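**Student:** Sequences are here, hints too, so could you generate the full structure?
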Amino acid sequence: MRRQMKVPSAHILLWLGFSLFILPLATGGGLAQSGRRRVLLSVQEFEAIGTAETLAGTVTELMRNELARSSRLSVLEETGRLYRIQRSSVRWRDLFSEGSLRRVGELLESRYVLTGSVSSPGESIILAARIVDAESGEVLAAETVEHAGGVSGITAGTAALARKMLAYFPLAGRVVEQRGDTLIADIGLADGVLPGQELTVADLEPGERGLETHRVRSARYRVEKLDTGSCSLVPLVEGAARWLGPGATVLSPVGADELLEKSRMGEKMTGLEGRGFGAVSVTSDPPGALAIVAGLDVGRTPVKVPQLAAGRHELVLALEGYEEVWDSILAVPGEVREYNFAMERRTGRLTIVTSQPDVSLRVDTLELMLEGTATVTLQNFPAGEYHITARKQGYVTWRRKVEVDFRSDSIIRIELEPHPGSVLVTSEPAGARVSLDGTFLGRTTPRRLVRLEPGPHVILASVPGFGAAVDTVEVVPGEDITLEMKIRESWFGYFPAGMTLIAAETIELADGDSVRVDSFYIDTYELTNRQYAYFIEATERTPPRHWKEGQFPEGSENHPVTGVSYEDAAAFAAWSGKRLPSELEWELAAMGQVTRQYPWGDSYRPGMANTWSEGLGGTSPVDEYLDDVSPYGVYGTAGNVAEWVDGWSDSERTYRVFRGGSFYVNQDDPSLFSRDWLYPVSGNSYVGFRCARDLRVNR
360 MRRQMKVPSA HILLWLGFSL FILPLATGGG LAQSGRRRVL LSVQEFEAIG TAETLAGTVT
420 ELMRNELARS SRLSVLEETG RLYRIQRSSV RWRDLFSEGS LRRVGELLES RYVLTGSVSS
480 PGESIILAAR IVDAESGEVL AAETVEHAGG VSGITAGTAA LARKMLAYFP LAGRVVEQRG
540 DTLIADIGLA DGVLPGQELT VADLEPGERG LETHRVRSAR YRVEKLDTGS CSLVPLVEGA
600 ARWLGPGATV LSPVGADELL EKSRMGEKMT GLEGRGFGAV SVTSDPPGAL AIVAGLDVGR
660 TPVKVPQLAA GRHELVLALE GYEEVWDSIL AVPGEVREYN FAMERRTGRL TIVTSQPDVS
720 LRVDTLELML EGTATVTLQN FPAGEYHITA RKQGYVTWRR KVEVDFRSDS IIRIELEPHP
780 GSVLVTSEPA GARVSLDGTF LGRTTPRRLV RLEPGPHVIL ASVPGFGAAV DTVEVVPGED
840 ITLEMKIRES WFGYFPAGMT LIAAETIELA DGDSVRVDSF YIDTYELTNR QYAYFIEATE
900 RTPPRHWKEG QFPEGSENHP VTGVSYEDAA AFAAWSGKRL PSELEWELAA MGQVTRQYPW
960 GDSYRPGMAN TWSEGLGGTS PVDEYLDDVS PYGVYGTAGN VAEWVDGWSD SERTYRVFRG
1020 GSFYVNQDDP SLFSRDWLYP VSGNSYVGFR CARDLRVNR
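Quick note: to get our numbering, add 359 to the position in the sequence shown (first position is 1).
Treat the hints with care, as some may be off.
[Unchecked claim] DMTMM-like cross-link-like pairs, simulated, lysine to aspartate or glutamate; straight-line CA separation at most 20 Å:
| # | residue 1 | residue 2 |
| --- | --- | --- |
| 1 | LYS937 | ASP830 |
| 2 | LYS760 | GLU774 |
| 3 | LYS760 | GLU776 |
Worth flagging that the hints you see were computed from the coordinates, not collected in a lab.
Since the model is a prediction, treat every value here as computed from it, not as a measurement.
**Tutor:** Here's what the structure looks like:
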């Protein structure tokens, strides 16, 4: 009877890795590393489908060369045999004919034949091949490779096809070692074997007359670990090690069924009929349990054993997640006995831990409510896979698949992530620029800020030439908050406008210590001549020496004020309700969180800042060099003028410090690291200042 199998390519891995053919037995070879006989394989000329014959010939030769490298195969020399095949007009598609297959086997003197085809639809090349048992018509391996590289990809495509054919070409194995219940098996080059797959291990040592005279015992095992040429197998039925050990044969379930069927037929043929035979039908709840009758793997429930020697036999049922059933069944001649077994779930212990209050849990259909931070332990919980869902108002739903193992405790820790909140920022007047936690967002009001982390956030809204407002808002998980900001007009806001918020940061000092700098505001630009003039007019303080008749030089109203002493700068800051920044505050505002020589990096770039190399020889408008800007949006720290800070240069408190680059500093000097000092009452033509202010919330 002809047997023809067509297997979808998606299932080739599961089927072809364990063929129903046991080649070492068929070829008379074992699986030990020494003395393994090779399988004879005939590689036929590939058929050209819609492409040149020469291309098919090239693929054929490449395939033969690739397969010849395998230690498992002997690729037959085809010179004379191919001539006979061609004369017989046997084509690739004819190999689905039982008569043609047998004729090919006779002509080639080989039981196993590889055939293939080459086609070229569009820009790709498709290579197909299959290995056929010429005696039975069985398709033992079938693979297809598509290569987008066109004709140039023939070599790579053929090599890939050969690798796949070798990986899934059928092999059996031999148990070489036993470690407790675990078996170590030599599987040769059976690359198709994968962890987790099930194999049958059977005692198949034949006598002189073959399997007919030998009683077979078998059990199902799962592949646990793979190594080069070997694997470890763990039993699915406890106690299998009592009858199986070194020397046993490792088979695919399908291949085992075929040999074991021969064994059953042999028992009937050797005079066992005198004892009488009965039939048994075994079912289980749930179904799908492995059934072992008298040491013989008879399949999964529901299963019927049509011929079982009369008498009482041991029965074992095994199903993952359930307690094994050990019982006995009775076979009565001429009767069909039915047996049904209810299997009990194995149980484990599931512990769920959460540090968040009021979490609602669902474990499949079981619902729980955890009040406060809690740990819940579910004792005697059925083993298996469960879907756990945790919910809490304002938090993202938590979902996981959990495997409860009866051999150990299962502990699950749940930490829910809050839903991001949002804030709608409006202002009066509208069109204000928005900064969030010290970062300018490049947006104007009204503006919705989304996906905010829960907790406090500082929002600054500023209108150039008008004024600014700052507020702190508490973001609640999953809620949308509206923040209305009223911006008060201020003469400080004519230009440049506003201050920049610098978020709190911990700074590492040179001696290895660290210090925290709290959040603060700092002027976005250096103080201008025009702003300082308001101070002179209001306080009648002495103006800088280079001012003529109390007026700054014409056209320099937007240049930074210079020639002012530390005491002058501190007086202005106090008058305006601000203060001078500390050294650490200035450094953080100028560099950001990363130490660098310039605001843009560690190398000088011409035209980025007003330094000596620019050749101006004096100040420039504070908004002219817009590339001289720190990561926080503070301008002019690398050039134009250096700036007074609230710090002393020595322990005797003789000199006050100024920081930063200026038009007087050469490009080779580390501008942001520049640090110098003067007497508190002295001024300089390249030293100015900017003010800072503590973080305050105005509602």
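**Student:** Among all the numbered hints in the text so far, which are the ones the structure does not match?
**Tutor:** none
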